[in-house]
Amino acid sequence: MKWTEAHLTDVLVIGAGLAGERVAIEAASHGHQVTILSLVPPRRSHSTAAQGGMQASLGNVAMGYGDNPDVHFADTVKGSDWGCDQEVARLFVEMAPIAVRQLSHWGVPWSRVVPGKRMLPDGTEVEELPEKAGLIAQRQFGGTARWRTCFAADGTGHVLQYAMDSVVVKLGVTVHDRTEALSLIHDGETCYGAVALSLRDGSLRPYLAKATVIATGGYGRIYGVSTNAVINEGTGMAIALDTGVVPLGNMEAVQFHPTGIVPAHILVTEGCRGDGGYLLDKDLHRFMPEYEPVKKEIASRDVVSRWMVHHIRRGFGVDSPYGPHLWLDIRHLGREHIWTNLREVATICKNFLGIDPVDSLIPVTPTQHYSMGGVRTNKDGAAYGLQGLFAAGEAACWDLHGFNRLGGNSLAETVVAGMVVGGKVADFARQQSMSFPFGLVTEAVRAQQERLDHLRRRAHGSEDVYQLRRRMEETLSDNVGIFRTGERLQEAVAILQDLHQRAGQIRLRSSGLGPNPELFAALRLPGMLKLALCISQGALQRTESRGSHYREDFPRRDDDNWLKRTLAYWPQGADLPKLEYEPVNITELPPGDRGYGGMPIAGD
Amino acid sequence: MAQRLLTFEIFRYNPASPEILPRLQEFHLEETQGMTLFIALNRLREEQDPSLMFDFVCRAAVCGSCAILINGRPGLACKTLTHDLPDKIVLMPLPVFKLVGDLSVDTGVWFRHLNERTEAWIHTDKIFDRQGPEDRMDNPLAHQIYEAERCIECGTCIAACATANMRADFLGAAGLNRIARFLIDPRDERSPRQVFEVVGTDEGVFGCVGLMACDDLCPMEIPLQAQLAHVRRKMALAALRKKK
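These protein sequences, in sequence, are chains A and B. Quick note on numbering: the first sequence equals residues 1 to 604 in my numbering. Quick note on numbering: the second sequence equals residues 1001 to 1244 in my numbering.
In isolation and in its complexed conformation, chain A is listed as follows (with noise of 0.2 Å):
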């Protein structure tokens, strides 16, 4: 490598997501120089997919009126199953209203306020105070005693990313966009930064920073069946574990989105339901009452994904060419809202269902949607096992959503942990003098050169990328779904360590020169089975059930033997992470009952 296309930064933030950017935003007001490595331009991140909202609790509206911070960390941590760090949430839900706010003042068009009475699908009559108008307003999301969650109709994630990207222009925050970080340079004690590929042309250059952030978003499409954007493929999360010393919290805990559309597994937001829409069976009937009379279709997802499935099991599914599936009911909400307040919905369903919600159903069923783990870090977001490493967002394990997120909570904890998280960087960079040692980043550079001229010389190995691929993805969503049971997840293991034994004898058909998409999925394959056989290996493990983890076999949550979080870490050389556990931190509200989701569920 030539040292005059070494990349020098105080702050290194590989992704460019709303974490990323929030955090970048905070450590550029702090004076510090920061690079954004980005897979895409940011305003084409995952993060502007978010459709539904942004929890925070500002209690403007009338169902939402006496809703308070305690409130919010109530329904947070029932959420998640009393897996979560109570510490956290705390800190959480109190920031989240500063950071709704901050957001309009940078300018966010969130929905606001109508004063004046209306009726609710369900015939309640509410009032919207004139005091109130044109406050920002909030719907209702699943799992939460309040309205809570601020939108911007229903493309808030959108309208998020450009504003935050604004002011990521406005400031001149440096972004590389089309790179790909392939390694974390460090020594065992300290991270110096990351080789990083140009997804333009396929050069490698190392980039060297006084604190490096992660913020990579999540790995759905591992899953192959996902809502997930193509790009989300953990990469962020698998250079972490790559370091051996940095260690994946709850892996097993992977979320399902109660209503991806068939066959295209695009996602339609919660808000349909918090709105008041409903799910309905084959014979048209509203099944969720049955199972859950108090929440009905609003329960959390990782409950009314279960009670679907299993309601599909019982022979109430509608039969489709892409199995079966169930039916999506807002044609009651009528047109004027769904096409204002639901309306990249109704586009969604007419660019990829070609049909109009106003008069027909949709088509849905449960799709693996955002992981609640991720890089483990302390409540500063500083990742364990690494000296000047953080990470931020759904690459994170903060550990916010402990096994189960509520709707609403992700964009939210984007930008409440970007702003933490930043300041945090922005201090530790400040104390820090830049230094690193030259041996070390032209090892790791020559370390990924190897690997790219080896897959270019086509001289050993015969296994196919896409097929090993496509393995991985049947073995994740045939045997690590939301319904677990041992024997499944062992054989899921077996077969995911010999995919990744095969991994290393990947033969591209291409040349691999240039910005060749073959070289690309061969580098990434071998740290998304490392991901797969975390989450596998940790479902194996965790023999109670809790949030989104539902074992079959044992389908209890077990507070004695497992209120603690997993801890995956992956030794040099090995082919199984090695686990660990550590103690929840629970601060304030003991272990109780959720109010949803009553488990076992009973056979037919």
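Since the hints were made in silico from the structure, they are not lab data. Remember, predicted model here, so these are calculated numbers, not experimental data. Quick reminder that beta carbons are idealized off the backbone N, C-alpha and C, glycines included. Some hints here could point you the wrong way.
Said to hold, decoys possible - Here's a subset of chain B near chain A, in silico, CB distances under 10 Å, partners left out:
| no. | residue |
| --- | --- |
| 1 | Ser-1051 |
| 2 | Lys-1126 |
| 3 | Glu-1153 |
Using the hints, position chain B against chain A.
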């Protein structure tokens, strides 16, 4: 439904192999029910030529990554059904933007530059008060801003624009819509006159020759013609006031 055998002609060029000149390459693929260009292109890459370069991110028509020329018309590949196309489908990269390779172009740098030029952020002297309530706004105005903010920077309007194809510095419909978005937002304290300094030129609002392909082709169906008219009116007024 009888299955069609589709013929694709796809633009190929890898800047890392300049000795292989730009060319159209032919592929064949059996159409399946509900096939989009997202499905078709990924199948071509995985089954026939793994070096084929194209961009997708959300595959749900909300991120703006996948605009290409489809039989000569720019549009989002992810939401284009092969069902709506003839047996022969010619795919080319968008013009105006710098080519990365094959169907992939660099829209990110172009739009960052646009947002820098138009200073597309809220300009205000107000200091954010962490403890205070939010400033109020009427809901219809919030919706109006939201509608303008729906632009996904896909580049369709730029690629379709005769002026943008001829002059590299033209802001295009996306740029003018962005200006309209900040003009109607009371939180932005710039006067129309300040905006005029930036866009009251042939590179800006007066460069449009009114062909309106942008309005026809915008995948988000943003009323670009109306937005342009709004900005022009404001700019004309600002210009008249300036003369006085």
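Checked against the structure, which of the hints given earlier come out wrong?
As far as the earlier hints go, not one is violated by this structure.
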